[in-house]
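There are 2 protein chains.
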Amino acid sequence: MSEPTFPPTQTPPPVQSCTPTLPGFTCGLDATLRVIAGKWKPLILYFLAQDGPTRYGELRRAIRDVSDKVLIQQLKELEADGLVKRTDHKEVPPRVDYSLTPLGHSLAQALVPLCAWGTEHMAEVSRVFAERATWTRRGRQPTV
Amino acid sequence: MSEPTFPPTQTPPPVQSCTPTLPGFTCGLDATLRVIAGKWKPLILYFLAQDGPTRYGELRRAIRDVSDKVLIQQLKELEADGLVKRTDHKEVPPRVDYSLTPLGHSLAQALVPLCAWGTEHMAEVSRVFAERATWTRRGRQPTV
DNA sequence: TTCGGTACTTACCAAAAGGTGCATACTTGT
DNA sequence: ACAAGTATGCACCTTTTGGTAAGTACCGAA
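Top to bottom, those sequences are chains A and B.
According to our numbering, the residues represented by the first sequence are 21 to 164, in order.
According to our numbering, the residues represented by the second sequence are 21 to 164, in order.
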């Protein structure tokens with residue numbers, strides 16, 4: 021019903037093509053998205069970008085609702101992907117902190133426009149999602 | 021710009037928390053990512069951004085390896101989210117095409133840097149992923 | 001001594017996401 | 001008549017992902 025009409029952006033600017041290349045990925049966009057795919061990864065990047073080196077526990081408390089298992093897992097993947105650096109201070113009560121690598125920083129930069137887009141259009145997105153949540157729940161009852 | 025920037029530009033980490041949010045989202049980035057979450061959505065957006073209005077069948081063939089069920093489903097969600105417009109020409113052999121709304125176009129623009137990042141770093145990403153695929157399938161190594 | 005905090009690990013599960021294949025209703029080409 | 005193409009819908013199933021709760025090894029405080 022609600023046709024989201026926006027500021028008369030009549031001539032949509034052209035989008036450059038997504039250059040396909042190396043094995044496994046259809047294009048750069050594909051590669052990027054696989055790297056940040058994970059329920060909490062963007063948030064992790066977000067916090068590290070904002071607050072710099074952060075201890076595990078802090079991160080854990082900052083990102084609410086994440087479980088240890090998944091947080092650790094995603095941190096490990098980010099580390100394996102070279103986006104995050106893990107520093108073990110080898111102290112007696114364990115002390116480890118995580119920070120962004122230069123690669124991680126560059127990715128964070130590339131995320132800026134997405135963040136801005138979301139901020140700008142959050143109202144619309146939010147509304148639509150709320151509606152979807154409604155009929156989604158009624159459409160299917162718990163299996164069995 | 022009064023807009024909170026996602027990754028702090030560089031030197032200082034003074035950027036405050038995520039933008040105060042509407043129901044459901046922790047920040048703009050979160051909102052954006054939920055909208056493009058779906059195995060083929062980014063590719064759909066990119067394709068439509070480049071080629072303009074496209075018939076269902078064409079899309080289906082362009083995005084290889086996607087199944088009808090999922091493609092339709094993601095198109096419906098994109099449409100519900102106001103990013104894509106579905107046009108049914110009501111012709112006898114069905115003819116429907118999909119195009120980006122202005123909102124969709126703006127999102128596609130925001131994806132450009134991600135695409136660039138991926139293209140630029142595809143070598144690293146690709147290598148790391150290949151390695152992960154190897155030990156992920158077999159048993160896990162003792163903690164190194 | 002037991003409690004709580006550190007940074008994890010593991011086994012087991014539930015839910016979500018995606019894939020397969022068949023069905024539809026109608027038309028054009030062979 | 002029959003296959004093929006059009007844009008979908010639906011039932012069923014597998015894979016992927018994330019969550020829960022417990023355990024580990026170590027230390028200091030109560």
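No lab work stands behind these hints: they were computed from the structure.
Careful: at least some of the hints might be erroneous.
Just so you know, same-sequence chains aren't split out, so a pair can sit in one copy or run between any two.
Mimicking SDA-like on lysine to any residue, the simulated pairs with C-alpha atoms at most 20 Å apart in a straight line are [claimed, not checked]: (1) Lys61 to Gln94; (2) Lys89 to Arg147; (3) Lys105 to Gly72; (4) Lys110 to Ser146; (5) Lys110 to Arg54; (6) Lys89 to Glu111; (7) Lys96 to Ala150; (8) Lys105 to Arg80; (9) Lys89 to Thr121; (10) Lys59 to Gln94; (11) Lys96 to Thr46; (12) Lys61 to Asp50; (13) Lys61 to Thr107; (14) Lys59 to Glu111; (15) Lys110 to Ala143; (16) Lys59 to Phe149; (17) Lys59 to Thr46; (18) Lys105 to Asp85; (19) Lys61 to Pro133; (20) Lys61 to Arg81.
Within a copy, between copies, both or neither: where do Lys61 and Gln94 come within 20 Å Cα-Cα? Cα proximity of Lys61 and Gln94: one copy only (6 Å, versus 22 Å across).
At most 20 Å between alpha carbons: which applies to Lys59 and Gln94, within, between, both or neither? both (9 Å within a copy, 19 Å between copies)
* Should Lys61 paired with Arg81 be assigned to within, between, both, or neither, using CA atoms and 20 Å as the limit? -> Result: close within a single copy only, 15 Å intra versus 32 Å inter.
- With identical chains treated as interchangeable, where does the CA-CA distance between Lys61 and Pro133 reach 20 Å or less: within a copy, between copies, both, or neither? Answer is both: 17 Å inside a copy and 18 Å across each meet the 20 Å cutoff.
Regarding Lys96 and Thr46, is the shortest C-alpha distance of 20 Å or less found within a copy, between copies, in both, or in neither?
neither (25 Å within a copy, 23 Å between copies)
Query - Intra- versus inter-copy proximity for Phe149 and Lys59 (alpha-carbon distance at most 20 Å) - result: both (17 Å within a copy, 18 Å between copies)
For Lys110 and Ser146, with the copy left unspecified, which applies at a CA distance of at most 20 Å: within, between, both, or neither? Neither: 44 Å inside a chain and 32 Å across chains, both beyond 20 Å.
With identical chains treated as interchangeable, where does the CA-CA distance between Lys105 and Gly72 reach 20 Å or less: within a copy, between copies, both, or neither? Within one copy only: 11 Å inside, 41 Å across.
Copy assignment of Lys59 with Thr46, given that the CA separation must stay at most 20 Å: between (22 Å within a copy, 12 Å between copies)
**Asked** What label fits Lys89 with Glu111 when the C-alpha limit is 20 Å: within, between, both, or neither?
**Response** Classified as neither; 22 Å inside a copy, 53 Å across copies.
Exercise. How would you label the pair Lys61, Asp50 (within, between, both, or neither) given a Cα cut-off of 20 Å?
Worked result: both (16 Å within a copy, 10 Å between copies)
Note to self: Regarding Lys89 and Thr121, is the shortest C-alpha distance of 20 Å or less found within a copy, between copies, in both, or in neither?
What the structure shows: Intra 23 Å, inter 39 Å, cutoff 20 Å: neither.
Consistency note: the structure conflicts with the earlier hints numbered 2, 4, 5, 6, 9, 11, 14, 15, 18.
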